[in-house]
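There are 4 protein chains.
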Amino acid sequence: MPPAHPFDFDAVDGDKLKEECGIFGVVGVTDAANFVALGLHALQHRGQEAGGIVSHDPETGFNSARRFGYVRDNFTKQSLMETLPGPLAIGHVRYSTAGSKGQTAIRDVQPFFGEFSMGGAAIAHNGNITNADALRRELIERGSIFQSSSDSECIIHLMARSLQRNIPERMEDALRRVEGAFSVVAMTRTKLIGVRDPLGVRPLVLGKIGDGWALSSETCALDIIGAEFVREIEPGEMVVITAEKGVESVRPFRPQQPRFCIFEHVYFSRPDSIIGGRSVYETRRQIGVELAREAPVDADLVCPVPDSGTPAAIGFAHESGIPYGMGIIRNQYMGRTFIEPTEQIRNMGVRLKLNVNRALIQGKRVILVDDSVVRGTTSRKIKEMILDAGAAEVHFRIASPPTAWPCFYGVDTPQREKLLAATMSEEEMRSHLGVDSLKFISLDGLYRAVGEAKGRDSKCPQYCDACFSGEYPVEPADMIQKGFQMKAAE
Amino acid sequence: MPPAHPFDFDAVDGDKLKEECGIFGVVGVTDAANFVALGLHALQHRGQEAGGIVSHDPETGFNSARRFGYVRDNFTKQSLMETLPGPLAIGHVRYSTAGSKGQTAIRDVQPFFGEFSMGGAAIAHNGNITNADALRRELIERGSIFQSSSDSECIIHLMARSLQRNIPERMEDALRRVEGAFSVVAMTRTKLIGVRDPLGVRPLVLGKIGDGWALSSETCALDIIGAEFVREIEPGEMVVITAEKGVESVRPFRPQQPRFCIFEHVYFSRPDSIIGGRSVYETRRQIGVELAREAPVDADLVCPVPDSGTPAAIGFAHESGIPYGMGIIRNQYMGRTFIEPTEQIRNMGVRLKLNVNRALIQGKRVILVDDSVVRGTTSRKIKEMILDAGAAEVHFRIASPPTAWPCFYGVDTPQREKLLAATMSEEEMRSHLGVDSLKFISLDGLYRAVGEAKGRDSKCPQYCDACFSGEYPVEPADMIQKGFQMKAAE
Amino acid sequence: MPPAHPFDFDAVDGDKLKEECGIFGVVGVTDAANFVALGLHALQHRGQEAGGIVSHDPETGFNSARRFGYVRDNFTKQSLMETLPGPLAIGHVRYSTAGSKGQTAIRDVQPFFGEFSMGGAAIAHNGNITNADALRRELIERGSIFQSSSDSECIIHLMARSLQRNIPERMEDALRRVEGAFSVVAMTRTKLIGVRDPLGVRPLVLGKIGDGWALSSETCALDIIGAEFVREIEPGEMVVITAEKGVESVRPFRPQQPRFCIFEHVYFSRPDSIIGGRSVYETRRQIGVELAREAPVDADLVCPVPDSGTPAAIGFAHESGIPYGMGIIRNQYMGRTFIEPTEQIRNMGVRLKLNVNRALIQGKRVILVDDSVVRGTTSRKIKEMILDAGAAEVHFRIASPPTAWPCFYGVDTPQREKLLAATMSEEEMRSHLGVDSLKFISLDGLYRAVGEAKGRDSKCPQYCDACFSGEYPVEPADMIQKGFQMKAAE
Amino acid sequence: MPPAHPFDFDAVDGDKLKEECGIFGVVGVTDAANFVALGLHALQHRGQEAGGIVSHDPETGFNSARRFGYVRDNFTKQSLMETLPGPLAIGHVRYSTAGSKGQTAIRDVQPFFGEFSMGGAAIAHNGNITNADALRRELIERGSIFQSSSDSECIIHLMARSLQRNIPERMEDALRRVEGAFSVVAMTRTKLIGVRDPLGVRPLVLGKIGDGWALSSETCALDIIGAEFVREIEPGEMVVITAEKGVESVRPFRPQQPRFCIFEHVYFSRPDSIIGGRSVYETRRQIGVELAREAPVDADLVCPVPDSGTPAAIGFAHESGIPYGMGIIRNQYMGRTFIEPTEQIRNMGVRLKLNVNRALIQGKRVILVDDSVVRGTTSRKIKEMILDAGAAEVHFRIASPPTAWPCFYGVDTPQREKLLAATMSEEEMRSHLGVDSLKFISLDGLYRAVGEAKGRDSKCPQYCDACFSGEYPVEPADMIQKGFQMKAAE
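Protein chains in written order, with the numbering used here: chain B, 1 to 490; chain U, 1 to 490; chain L, 1 to 490; chain V, 1 to 490.
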């Protein structure tokens, strides 16, 4: 789904897939909500549209705040944070929901909260439930009243109807009915709970902070609060954490071969995070190295498309021996959206954010390294800017394979027909973009860069790479119902 | 003067000198204010606190809007821009004013406007008037009423009292009474006016857009509106521009040897700007090259302090052959200020914005390249983060000489005693920062990097480098009156 | 429950009972939400804290907006009203909810909405459900998730769980489970629905506007939209209205002797409304006449406590022949609340809103006519102001009997022990207030003023007068559970 | 000048003349600005558009705040008032300025402030300077820069250019150059200053509060702060007040026969104020008595047009013996303006604020008492509402003579041709309004009601009644320059 406004910050970054959520929780610290706010700030790249925090305090019970906009603009204020007391809190940042018509309403902003007979619970969900439509119909039929258009709300209603006597077991009940990808952080009055789906599509890590514990989408958010990274929550694992008893682990699901999202390595996660024991920065640099080996080209300058192409460009430059330089300068003062913008602004597009370093580019054969090509719109504009500035040649090197299939596991992708690689061959794309050469890293090359020395195991792939391969590890039931055509079996 | 709040965005960037203003004007285009807004957006790095635009339209006369905050948050809105019609407009972004007690009031935000008997005029000023206090006393004695605490307001009052019959000549009269550094963009009902002081301390460039003309602090702002860079306004030159007659040039001042601010090359200007015929990016990269020659060190990684240290780090890595890498990751979602922040936030400091790429740093001997050291506060924090992450050695390489003297020409510097280099030798600074080595580029090395092959001409320096040398090309009269001690003659 | 802030507008009016809600709905007109906004503006005296509107449009479905503050500040804006299209809409204004801890959250603001398998429905409720706590526990036990702390939300959950196949019948099911006082306006995609409880405690009237229909708490809101008053909805009646078929009436409840709230005549309703075929203004004037007969006193001036005492004062003056005059002047510019007020403001109290007309009062024996005495706080302050201004005597005449019992049917009353008349005799109250005489109208006198020539039928009272008599027509089950002591049987 | 928006609160009240300002100052109390805020709140009826306060504190010097909107919404907040410390403060509320094109800018909001060589001064002005245009041209010619479009700013520039050595004497100098009507409250670092023009057109009173002193447009604002009314400042008097020396009085102007504005008695002042030793309420009641004698009519009901017609209606009813009743009910929740209102709202007009009490009016012969008729627009609408409600006859009785001339002394009046009485005879007006009878009080009757037993002295009128008589006590020089035609000498 394209962003609401054609020339907001996202439009400039618009040729990207969008992670939909970041989640964070902490227990056993003073003023837990402050830590959650910091954690969400560090996870802001996973969702910029809105954020929410729920905390629990023995005296005032559950409290919550949900706001549109950046964490730093809302959840740093003393006056707001004072309304979120207590030693236990969870939070969520989001981009947008599958299913919401038009813009997100504040009621779609997580965490979701439910009052059960044994007490309240709040949940924050990263991922996407692929059978949410069917579950929703069933729940409404039985008398549940939905307050949001979010697929994630099903979980809390399933919990409300569970016959189990305690909340963690109700959550197990609920999640066993749910299909798709989910990393969940939840809380009761005393417990912090974390779960990953059996495939482990979305990340979730555990940290230790003083006598307390933290759960986070990524390790970079542990760093900001000064927590120590303990380990990843494993695919199919559920942890129930209290300040007193520490971490208890259960396995509510039938075991499966994990399929972690490989695009987290390519683009979603922050370069300073550690995933699956690997530095994301180093992986991306290595993708650049692989790319330089797979698709070398004689040129004068390796130039990243800022900022996501930078590590791969550094790797490409290092491997190829071609000088690295900042051919494109990013305006640090771009914000996210323009409310009621002038016609002028609407026509500016990428120039509002990027400017070519003309003196560096002029007369040079330039290799532009970008992380991915989705619709190709931004790539075309950047190519034009580079040529206008007098580049002799423009070569695109892309740090991921062609993105030819939509993601149904918690990532915002255009409809399949909008994906450039769904309708064009590599040569057609090169011609469409109007560049001298265009090369994507191979799927095997990507697997090598993430540490799989032998490349992709095509029988039993080590990652979810559906966006490249069309091989979906969980059938997207709701989408098939709506007419989505799976890749024909070969 | 330290920023108002100790942990806002500026505090994180706090160990920097701050350019106080960016100015922009355009004539001969439809809806000139829209172009000015874009230009100011591209000049936002020169002043983030507030901005203002004045436009003139034959039907509605002069209109103005002044706002706190970023250009993109204010001057992109249709509803505001519609109040600024007409083919002629000027604008200003500012950081803060010498003289305002506490925070800037909206009345201190430029452009300033005055109604004279022959019509109105608006002016926007980049620089600082070193005899403003004396002028102000004299003007008040004669019955002028000041509306702001800005030194720049003197200019408009001097114009109001001039006996000349037209506004450009009144401006000449006024500027001949003024001492210090000034680049001015002004407008009457029909004319766009640009002036630089005889030393040419602050930049000002001329561009052509369609049938119209633009004046800008930097060329990067010409790029954003699609204007062609024509030439710099020369030191001591005044241009009077109309859509009909084009550019007329006069020389109101006694000629002097130009002394352009060398720190514009080091830090203030955007890397994609061209100054004095030189690419700022290339100059900075060259500083890194010089630095690698002057102060080599055996190490494993060259790492920029983002983002201002990046070009010099690239140059240093290239010259030294040591690999370049992103050891410090910047959070893209940092804003400028935290209103009523929590205690937690107040104690976070630099960690809110920067995180160490631990996997890259660990065990390595790291060269950190930064543009300057002012008070040394941020440098210390960054060093601690790097060491906490397991670096084996930390070597600072600074892309400017020691900053030992305050600037009185339009840059916000701490009082002299707060400048680390004013009270410590290089070795004392190294020890204070707690790093394995600390080296600044030499003054001659810096001059070589900006293209002066023979280095600095100590008899007649080619640039204003008072912040390094203590040699002030214009006597800071007001400051001396307030007790500032000039460097003793040698 | 006392107002949140001790010196807001309500504090000045603080010695009043507060109606908790006004409801309004319309079907069969273009842009129904605009009519609802006007209707709610006319009903603003019934609830000033917040308001909400839900509309339905065949193209965009259900839309809603809920806002804190006055109707005129929110629901008059083009930009908001454009989001509420369609020929069918309902709305609600509210004061506060029994049950919400601290301040009302936006999620407590009605109308409430539920999506059922046969489509959505929205409801707006005026009154109070006396068994809401028990219902809520039962619904949660079965898996319903409540989103608000409002008793009214029970209705929509009961509807969600009904086995009936259409929404009006589900509403019948739901309301048969509910005890207490309720006037309800509801809507489906095509139907406007109105219901009154069997006792008809709260008002609800039907109006005709063009080809459409309106439901309103009071007739004054029909006047503002230019609708013709048709009739009252009868106690125990449910009307289902469509633009096509007009009004269909059903009787879902077992018939009972109606008990309309007599305090609506005394204070809640607007003087220009017609209730039970009687003008509220005329009733109040007649109360003044009765009071002058029951409790005459020799004096120089009849002075209303503005504004609610005015009609009774006019009646009192007319009957007694004593001149009528404005001895107390109201500041028209008082708003509702002071956010973070100064100490000074906090100590001002009633003087911020009322000032004595000293020249009129001085030396006079003054009869002050007020509608009611609740806690007596404002009455004391007014007495002091009058005496400070030099009145010779002060006589209070109150247009209602002593308020000795709380209301549990949708009116915000202090706890019983805070009611002056619950703990003091009339003479004790006189002495407490420090006035020369204090007289309340008798219960029989009040019944005569509302047209019951023979006064109150003590066997089978014609009205609900529980706040005066302690005789509650519906047992307040939740409150008894919480410890409320009913009046001992005599 | 009509209000900016055709259907705001003022439009509903739109057929009124508008006082343009209220002024207040206090010295010798702790936190003087708080007292000024309260005083301005009590004077809000004199100007609702904006307000400003300047205070002085020995430590922080002069501080000021200017805001659009009601005093109670701005100047009651702790956070704002803390920025206005000190024992001396003045303030101003305003409606709008002659001269400002379109809406008032914040820079037009008083008090105005000037820094002179001997220190700063702030002034607040109620009235209008009739030679302001000429003064402004002269001052600009000499180099003064005006910051506002307000006529009042001339005073501060004239002060800046005075050769006197202290501020009170500079103010004398300035005011001797000024023509027209002015009551001024001003302050230096230590002195509170009050001045009335020689004719004493606008009011100004002196009060005592503890050891301090207050100056106010009206006595009702002394009441709210608990100050004792001392006396009026006399026409042509200047008082200079310090906490230490108390009140010193000087007479800077040539004595003249005073001409206080008689419309202050009719409409502008609050009924609880005392002017010239007379109660405004009592004067208005007496106007009603005179009117009943001058223009009796056989009818069933005397009904005020709320709220300004109420005292005269009470007097009329008392004198005529016809019952008094509230035939028109005012909605207490009307605000001042509707931002971007819907079409629906735009067409509502007076019905948004007033509703007819149909049950009272029906079948009756109604006397409507209003304070004045300006353009007649509201009168027509009210007449229609009354007839629609079934009145048998409608008789207008107006508590002032026909308003046939604009005011140039600080009151906002329509251009002469918009005044109904400027173009129509009384009978033509009656026919235009479509009522059964229409009578205005005679000029002599009005003078009798204000206590001049022999009526108006046509040789030497005791009041300024230019709006009725066309006899202007000060020649409106600027307006004559702009083409205004004075009444021909008879």
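The hints are simulated quantities; they were obtained by calculation from the structure and are not laboratory data.
Treat each hint with caution, since some may be false.
The list makes no distinction among identical chains, and a pair is therefore deemed to hold if it is satisfied within one copy or across any two copies.
Computed list of lysine to any residue pairs in SDA-like fashion (alpha-carbon distance at most 25 Å, straight line) [said to hold, decoys possible]:
#1 487 <-> 250
#2 208 <-> 484
#3 482 <-> 59
#4 459 <-> 118
#5 418 <-> 87
#6 459 <-> 138
#7 77 <-> 482
#8 381 <-> 332
#9 418 <-> 483
#10 245 <-> 444
#11 487 <-> 470
#12 439 <-> 298
#13 454 <-> 107
#14 487 <-> 106
#15 77 <-> 105
#16 77 <-> 334
#17 77 <-> 332
#18 208 <-> 390
#19 208 <-> 388
Nothing here was measured: the structure is a model prediction, and the numbers come from that model.
Homo-oligomer pair classification [residue 483, residue 418; C-alpha up to 25 Å]: Within one copy only: 16 Å inside a chain, 65 Å across chains, cut-off 25 Å.
Intra- versus inter-subunit Cα pairing at 25 Å for residue 381 with residue 332: both (19 Å within a copy, 22 Å between copies)
Given identical chains, is residue 208 near residue 390, meaning Cα to Cα at most 25 Å, within a copy, between copies, both, or neither? For residue 208 and residue 390, only the inter-copy Cα distance (19 Å) is at most 25 Å; the intra-copy one is 53 Å.
Please work out whether the CA atoms of residue 77 and residue 482 approach to 25 Å or closer within one copy, between two copies, in both situations, or in neither? Classified as neither: same-chain Cα gap 43 Å, cross-chain 38 Å, threshold 25 Å.
Alpha-carbon proximity context of residue 459 and residue 138, limit 25 Å: neither (36 Å within a copy, 52 Å between copies)
Regarding residue 208 and residue 388, is the shortest C-alpha distance of 25 Å or less found within a copy, between copies, in both, or in neither? between (52 Å within a copy, 17 Å between copies)
Tell me, please, which holds for residue 454 and residue 107 at an alpha-carbon limit of 25 Å: within, between, both or neither? Neither way: residue 454 and residue 107 sit 47 Å apart in one copy and 55 Å across, limit 25 Å.
Is the C-alpha distance from residue 77 to residue 334 at most 25 Å within one copy, between copies, in both cases, or in neither? The answer is both: 23 Å in one copy and 15 Å across copies each meet 25 Å.
Between the shortest in-copy and the shortest cross-copy C-alpha distance, which are at most 25 Å for residue 77 and residue 105: within, between, both, or neither? both (22 Å within a copy, 19 Å between copies)
Classify it for me, residue 487 with residue 470: is the Cα-Cα distance of at most 25 Å met within a copy, between copies, both or neither? Classified as within; 6 Å inside a copy, 72 Å across copies.
Measure nothing new, just compare the shortest in-copy and cross-copy C-alpha distances for residue 482 and residue 59 to 25 Å and report within, between, both or neither. Answer is between; shortest inter-copy Cα gap is 20 Å, intra-copy 47 Å.
Is it within a copy, between copies, both, or neither that the alpha carbon of residue 439 lies no farther than 25 Å from that of residue 298? Classified as within: same-chain Cα gap 14 Å, cross-chain 37 Å, threshold 25 Å.
In summary, the structure is inconsistent with hints 1, 2, 4, 5, 6, 7, 10, 13, 14 from the numbered list given earlier, while agreeing with the others.
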